[in-house]
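First residue of the sequence shown: 1220, per this note's numbering; consecutive thereafter.
Among these hints, one or two may not hold up.
Unchecked claim - Simulated crosslink set (DSSO-like; lysine-lysine; CA at most 30 Å straight-line):
#1 K1402 <-> K1425
#2 K1343 <-> K1415
#3 K1343 <-> K1414
#4 K1425 <-> K1415
#5 K1414 <-> K1425
#6 K1402 <-> K1414
#7 K1402 <-> K1343
#8 K1418 <-> K1343
#9 K1402 <-> K1415
#10 K1418 <-> K1402
#11 K1343 <-> K1425
Unchecked claim - Per label pair, the in silico range of CB-to-CB distance:
#12 I1337 <-> F1259: 21 to 31 Å
#13 F1383 <-> T1329: 44 to 54 Å
#14 G1386 <-> T1231: 50 to 60 Å
#15 G1379 <-> F1259: 40 to 50 Å
#16 E1424 <-> G1379: 17 to 27 Å
#17 F1383 <-> E1256: 18 to 28 Å
Calculated directly from the structure, the hints in this document are not laboratory data. In this text, a Cβ means the ideal position worked out from N, Cα and C, and glycines have one as well.
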Amino acid sequence: MSASFEHPSLRTPVTTEQRDRAAEHLQTAYAEGRITEDEFERRIGQVLGAQNRKELNDAFYGLVEVPPATTSYSPATYGTAPYGGQSNYPARRQEGSTGGALAHFSGLFTGMIIGPGIGYAISKPGSQTRKEAAKAFNFQLISLIGLIVGGTLAAVTDWGIINFLVGLGSLAWFILTIVGGVKAAQGEDWTNPVKKVIKLDVLPEK
């Protein structure tokens, strides 16, 4: 009688690359409408908290076919299959960029251009992450210049319209930063409407 066992690879610590790839699969599933927003948040929480491959696999139960944690066969684990077997996960396609989304969102809390600039510097040339980081940096730089000019005019004049425009611009900056991050996460090559008017490309968006 053969006893079922848990394959040792399921206890292998999760790497950053595997965690990022898992997050991208969930973002794709959410963008395609295969999971709801609540389910996405629950599953992405499992991915971010996973310490080993078994816990990472748990985030995909019911979404894709994942072998049971204990089996008399050699189970395929996320991203790889032991002994050269094939993974049960579908082949990767062009997906959303987690790093690119973070580059956009970082503009909200890192002095606007610092986060996207760092994202661009540490990302691989030609990658989707670098492209999105460049787009984020250029938009944030335009917004920063506009904020400085608007703030200066508001300080030296008594025109109420200046204060109104600065407030309106700040709201537009916030909304467009969020939209840029969401579009990057979904893998959509979105052009910020501000960039259609002001073509300032300090960093190449390629």
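**Prompt:** Are there hints from earlier that the structure breaks, and if so, what are their numbers?
**Reply:** Hints 13, 16, 17 are the ones this structure does not satisfy, whereas the remaining hints hold.
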